[in-house]
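A.B. asks: All the letters of the sequence shown, read from the start, carry residue numbers -17 to 179 under the working numbering.
Some clues are possibly wrong.
[Claimed, not checked] Here are the simulated distance ranges between beta carbons:
| # | residue 1 | residue 2 | range |
| --- | --- | --- | --- |
| 1 | Thr95 | Ser151 | 30 to 40 Å |
| 2 | Glu99 | Thr3 | 19 to 29 Å |
| 3 | Lys15 | Gly87 | 27 to 37 Å |
| 4 | Gly89 | Arg51 | 12 to 22 Å |
| 5 | Lys46 | Gly68 | 15 to 25 Å |
| 6 | Thr3 | Leu42 | 42 to 52 Å |
| 7 | Pro5 | Ala88 | 16 to 26 Å |
| 8 | Lys15 | Ile178 | 39 to 49 Å |
Keep in mind the hints are simulated off the structure, nothing from the lab.
Glycine is no exception: its CB is placed at the ideal position from the N, C-alpha and C atoms.
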Amino acid sequence: MCEQRVSNSEEASLSSSIEETEPLHWFVLRDLKRSNAKEPAYLFLQKAGYEVFTPLRWVLSRVKGKKVRKLQPFMQDLLFVHSTKGALNVVVERVPTLQYRFVRGAGYCVPMTVREEEMTNFILASRQSECPQYFQIDEISSQMIGRKVRIIGGPLNQCEGFLMSLRGSRVKHMIVQIESLLAVKVEVCPEFIQFIT
């Protein structure tokens, strides 16, 4: 069996020529490393120069008998990478614990992608909130979702989502979704809310 080796300079020129012709997409990937891995895929890809987003949450864990607060991924195996398919294929083929998530019923091996504006909304809501609360889509019922809104002004300017209806709550919350994957609940100021018809 014969292996064909490509030098780093040839690989760089190949990936740059691929990137010039292919559009950028937000690809949904799966990281198969264990939860206690030293370098999870989202850190590895960030060091490699990719734009990566992973929903993170604060958790308390014990380190040498002491409780320590640290950031961990909400879903251990979920990450989003903004890249071209050709450039990302090189990494996915090389790293055995990194895989594409595929769309069910859309044909053979069609990688899952997220629309640009949907991802921008989700990232903005996640990063601008002090304590975002994430949900898987099956955890959100239709009774929780209210009217569609856009935030005008403040740190969440131009972010769109749905008002969350909670009985007895004095604080307004908005749910921003990535369709069929994930949702985040963030606190919003009532004076910045604009209803979308």
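A.B. asks: Can you name, in rising order, the numbers of the hints this structure does not satisfy?
C.D. replies: 4, 5
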